[in-house]
Amino acid sequence: MLQISRIDIKTGAELKATVGGVQQPQEKLVENSYLEHWLKKHQLVDSQLYVGRITQYVDDVDRQRLEEVDNKVFIFSNGEDAYFTDPDTARLITQGDPSREISPIYADDRESPHNFVAYGGLPLSDGKTYTVVSSTPTRRVQILIVNSNSKEQPFGDQPLLDKDGRPTSRQQRVDLLKKIGDGTMLLPEPTIKDLITPEKREEITARALEKAGVSADITSITQEADQLESALDAAERAIDDYASRLVTQFRAATPDLPGVLKGTATASIWCDRLNVDAIVSIDDIKGDSEQFQPGIIELDELWINSKEVAEYGQQAVGAQVKSFVPEATLRELTPQVERQVAELAEVASDHIKLKQHYIKEKDGRQDVDRPDPLLKVLEADRFNQLTGFSKVNKELNRHLQGEWKFNALQGIRVPSAIAQNHDGLEAWEVCNKQLDHGAILSVYRSPFPSATAAGIVINNKNAIGEGDPEALRKEGVIYLPPWLAENVLITDYDGDRNGCIEGYEPTVDDLPEQLRLEMKKVENLEPEEQYEAWRSLVGKTINAMEKGEDSRIAPGAYPLVVKEFIEKNDPKVRPPQIAKREKVKHSWKQNEPRAEATFRAARAVAADKIGEVSNLSMVLQALASEMLYTPEEKQAGLLKQVAGHYAGLLEKDKAENGASFIPTDDWLKEQGFQAYRFRERMEWISKVGRRIDKVRDPLARRVLIKENLQQASALVMDFVNGPNAAQLQAAVDSKKSQEGINALLHRFGKALRHKPDLLRETQKLPQNYTGNQTILTSTEEPIAWSTEAVNEAYQDAQQLPELPNKAFKDLVPKDCTPAQESRALKMALAYNQLVNSWRVAKERLQERRPEDQQATLLVTTKSNRQLVIHSIEDRDSVLPIWRANEKTDWTIKVSKNVQAESDSTQFPAQLVFTDKAGKERTEELGYVSAASAAEHNLDSRIQHWHKPLVIESPHAKIQPPYAQENNADELMAIASRYAETAVAQIPEEERAAYLSALWRESDTMGFGLKHFPDLLAERVVTVPEIKIAGIQYQPEAVQAIPDGECTVRFSEYTYQTKAGIKKTSPSISIVTSDGDEMHLGTIDARSIHLPIGTAVTANITAESSGKTAVMQVLDVVTTEVNEAAIDEAVEEPISDQESSGYAPTRRELLCWAETAVREGDEKKVSEIIEIGTGLKLAYSEATGDRENKPPLDYSHPSVVLNPSTHEEMRQAVSKSSQSAKSLEYIPTNKELSQWMQIAEDRRDTEQGIKIIQIRAKLNQAYREETGNLFADLPEDYSHPDVILDEEQHQKMVRAFESHETANGIETTRKKVKQLEFFA
Amino acid sequence: MPYARRTTPTTEPGEQDFHLASLRQSSDTPADLLAQGESFEDLLASGVLSDDLDSEGLETTEEFIARTEREKASQPAVEPEYLSDEEVDEMIAKTRALWPIK
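Which chain is which? The protein sequence lines are A and B, in order.
The numbering of the first sequence is numbering that gives the first Met the number 0, which starts it at 0 and goes up by one.
The numbering of the second sequence is numbering that gives the first Met the number 0, which starts it at 0 and goes up by one.
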């Protein structure tokens, strides 16, 4: 495994992460890559590699500085990642060394910079496993290179011989060529077998042994040797069989020659027939020195890795595709989504149903590297004991959130498979053996530029099966004919997947054969003409079916989608075919250093444009679609908005002094587009918009509105289907071409938006589908309506009920030593702390603050005051700051800009320094951070002195950007690795004790659930003993308890406390032989209880006190518990008590609780918590708002106090309001200091400033009080005039809480939190 | 249920967090990831694909209508000068001739 250190390119800092208080290097780990093999091969394993992010702030001077100052030379890039190493290794990687027989990774020629950027990802492309095919003393490795693009000499200029040295026949060569396309590699079966992972081998072996009735433990002495041998033979045969069917994505290379291969590999008998070690398409080879030529070449070795094994899967269909089929979305896809979300809403609040849904969704879809612990526990929980357990609920809710999001944005999944070439198919056929022979499909690949990229095809399994049975054995693949792949699907064979939307299913066995016959009459036409004839034939067949005149097909899963794609590809309406632009390789200028040229190319392609172009396409389609779908009453307003927007654009364009951003027809034609007359069309629509109110006749007015909206929609769609579709292709190719997308066209496309598309703007917010937050929409069209349908169902869905964690403690009784408990808690709390660091970083990074992306300079003055300079610009690369970490001879001058737009740019700083030529220079440096400015009171200081603040000879330390120091992925990986390692170190015999220790505390139960699922699964198979209280009140029921087994039902019992508060408790009812149910008693709060309505058989023993009993559950009664039974099981509430007492507001409860907390009356606090919880529940039930607290003035008639309690509260509230400002808080100096520290740790500048201001007031108050201007404030000092308002107080409490969670500190504040007032 | 209370999804890393991180760490280009069937929405959420949807200054249709109505209400009411039938017919004809609607 390669361990690549993460660095910041700008500052050169090697990035660190803090684990358990210790700083560790941040590393990128890469397994089974070619670079690792190459380094080993050349004894360079000690070479250190570095990776840094190419951000918009990085330039070539940074690369030079890394090279000159830090000895780190840039070698290649992969997207935003730039890789560096020491100069010697860099030279060998890029240029090789003939004297040491070292070939460079890519050819050492003028294309070297291009190759190290266009294919920079290949040398470090990781794999699941790898193998090396090596020469033997008698035979070198033989590779057959095939150029399937050459009709004359695809196998080179030498005759292709078989393994016996005989020339192959023409038919044999044709058959072989049928298999070869861009990305193909055929290997002998043993080589493919070497690429199977050990885990997969074990899995296959275990299955084979199980089938043979042999224990997987082959060392077991009880097994017959013969039986074992035969079972192991069977296992080996099963592995052989698997290898023969396997297709895998690979990278390959040989240290003998420059160049790296990429594609998909599979076993083929052709390697044996021709006695070669691999058959490779010449298109697989990237960055070679043209030594790979068609024909057989001999090598010392060939290294191959296996990345992803082809499997049939499912692909989500999102707006990218749905936008092009709005009618089908409206009439076919959305109804399906509505059905799905109705089911989701139904299961959302029911643990048992949700559990079943979860198990069904997860079954068979588990990540083998990361098994789902919850699934294991839920599957074992036959009594549903975990109902209402917060730790389980959180995971289930997360799953639900994902489901809501999926339905809101995608909603359907279709079969998908990895593309493979096969010339045995016609231009309109594919072969996916998972689907029906004769199924009519739309096949596509992502990114999806326009409707022209949807292939209309038929699945023909026989065409492959009869001509090439070897191909039909392969799993997880779809075979494509070369013309279709290249011209319609824009798919190659290096791992591309195709989604298959099944439109129609055959009702006859030989539909492909019948339709081949019908297509016979056009067989002499060009492929595109044949394809159009096919499209037309399928369209007619569907029409005939709809009229009942053709019964050979019937509607399949998505007939309307396929039909709409067929219609959209009618030549009369079909958008232009996407013309691939010629790729222009990244240049290497004369006399330009290699690393500079490579870095220039790397910077040019670092920012990927696919997302921007594709999003623009989807936004414009939504807007165009709305112009056609919006209800009539909204059309006039929409037209005026569009027209007004176009008028504004034309005006703006006119003002740009000839630099028009509206493409002219001449320019469009030059670029190969149609003359769309964009300007003329916009002018007309804007004119109609201005005049529409002057049309008196309502009918004429309606016609004009409707038809001009159609015109505007057509204009927008012309841009989407023409220029923007070409832009998308340019963005896809951008890594391999120095010509990226056209900025002018992109600007025009963005300018065409006449309104925001809130769906696309809010779709990725992490809080979507939590609380009341949903994805927003702002358009009236099918895609947004589909999301709105999901939102509606979500708003109707209820939440899962939840019980206190203590109710689940009996599941794992205490059984551990103090030492075990201490170690277990330490482990879990350390993990919690790591998770908290990850969460804080993740949330902060989601804000995308510009200052987080840039380095900062920490300046320390002679008097040890520190301030931070941010937003450092070094346009001319003259600042001497980028490696600063020492005392300097600089002068920093800070002034005040009274016109600054924000606090963070109020204090610009200048740097005075001596440059390399010995000349004193003064340059703009950046800005003093708002927190530093506030801390040092810069505002009044600078004002007071009427001149800039001058800092002489400061100590300066450059700091890498927050975003890089706090790499959330790295922090997450560290937390996971920590937990895995820590849990793995627990001795097997002590695991149960550790779980027991973890189960004692709420904060650590989640860790137990996640990391000990096997033990928990064992626990939930039985139900712990349940304690029943209050049985003395139910003598009839007590008498009905039999000596042995009886049937009981879990129910609820509502009663009123002495304080007059209604309370509902889980309870037990005895089911008598005649079916009646008698309430027996309530379940102790610390005991498990099963879901209300569950009937079980149990043994009940009344205890000697006569007040309590214990119950041992034996089994679930299998009779179905229907809704009615559950309703019956819940006792009627005491209705006559409603509104008979005083209904307190949340504000009153809060004041009351604060008084109780202040007086240390824990019992009272508990009572108030109980009432507050009831009020919160009543609020959420009444309003559906499950996320927010009730308003302060909220009260509910069901939450009432009896007169004496009311009076008690009234007095407490009165006392509270006299003694303190009820919702405000008087902080101590210590609290403010700690809060400041937390804000600083989080670099929360805004909060920091506020705290500094409050501390300044406290200082002032102290000075005034004591008359001492210099004394330090005592820690516990506070002043009644220095108060936090409710909002600030809540912020402080939250900051402490998250900090405490991270540090595992339990304080009384946690108890207060239970009030839900501060949460 | 009397004991229902707010539950938000857990803050620990979950399957989706690991998936999005793996997309960010992948050696494949965004174009490769899309071609390999990764969902566009996941790639956006992971930050592998960026969006550029700043719509500052744009109004929703409802906001546009409300604003224009406010502006209209603040102006003195003037009877519009209606177009003649011929002018309206000409407008319809020109609209239809503007660009072929497919």
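A few of these clues could be false.
Cβ-Cβ distance ranges computed for the label pairs, FRET-style [claimed, not checked]:
hint: 1; chain 1: A; residue 1: Gly1159; chain 2: B; residue 2: Ser21; range: 50 to 58 Å
hint: 2; chain 1: B; residue 1: Arg69; chain 2: A; residue 2: Asp1280; range: 55 to 63 Å
hint: 3; chain 1: B; residue 1: Ser21; chain 2: A; residue 2: Arg272; range: 35 to 43 Å
hint: 4; chain 1: B; residue 1: Ser21; chain 2: A; residue 2: Ile358; range: 57 to 65 Å
hint: 5; chain 1: B; residue 1: Glu62; chain 2: A; residue 2: Ala674; range: 48 to 56 Å
hint: 6; chain 1: B; residue 1: Gln74; chain 2: A; residue 2: Gln942; range: 45 to 53 Å
hint: 7; chain 1: B; residue 1: Glu62; chain 2: A; residue 2: Ala654; range: 22 to 30 Å
hint: 8; chain 1: A; residue 1: Glu528; chain 2: B; residue 2: Arg69; range: 55 to 63 Å
Sample of chain A residues with no beta-carbon within 10 Å of chain B, all distances over it, derived [said to hold, decoys possible]:
hint: 9; residue: Val60
hint: 10; residue: Glu951
hint: 11; residue: Ala972
hint: 12; residue: Gly1105
No lab work stands behind these hints: they were computed from the structure.
Every residue, glycine too, gets a C-beta built ideally from N, C-alpha and C.
Evaluation of the provided hints:
1. Restraint check, Gly1159(A) to Ser21(B): a C-beta distance of roughly 51 Å satisfies the suggested window 50 to 58 Å.
2. A hinted range of 55 to 63 Å is violated for the C-beta pair Arg69(B) and Asp1280(A), which are about 45 Å apart.
3. Remark: the range hint 35 to 43 Å for Ser21(B) to Arg272(A) is upheld by a beta-carbon distance near 39 Å.
4. One distance hint, 57 to 65 Å for the beta-carbon pair Ser21(B) and Ile358(A), is violated here, with the actual separation near 24 Å.
5. The hint said 48 to 56 Å for the Cβ distance between Glu62(B) and Ala674(A), and at roughly 35 Å that hint is violated.
6. Restraint check, Gln74(B) to Gln942(A): a C-beta distance of roughly 47 Å satisfies the suggested window 45 to 53 Å.
7. Separated by about 25 Å at the C-beta atoms, Glu62(B) and Ala654(A) satisfy the suggested range of 22 to 30 Å.
8. A hinted range of 55 to 63 Å holds for the C-beta pair Glu528(A) and Arg69(B), which are about 58 Å apart.
9. At the 10 Å boundary, the C-beta of Val60(A) stays outside the reach of chain B, the nearest C-beta of that chain being 25 Å off.
10. Here Glu951(A) stays apart from chain B, with its beta-carbon at least about 43 Å from theirs, past the 10 Å limit.
11. With a least CB separation of 7 Å from chain B, Ala972(A) falls inside the 10 Å interface cut-off, contrary to its annotation.
12. No beta-carbon of chain B comes within 10 Å of the beta-carbon of Gly1105(A); the shortest separation is about 28 Å.
Comparing the model with each numbered hint stated earlier shows that hints 2, 4, 5, 11 do not hold.
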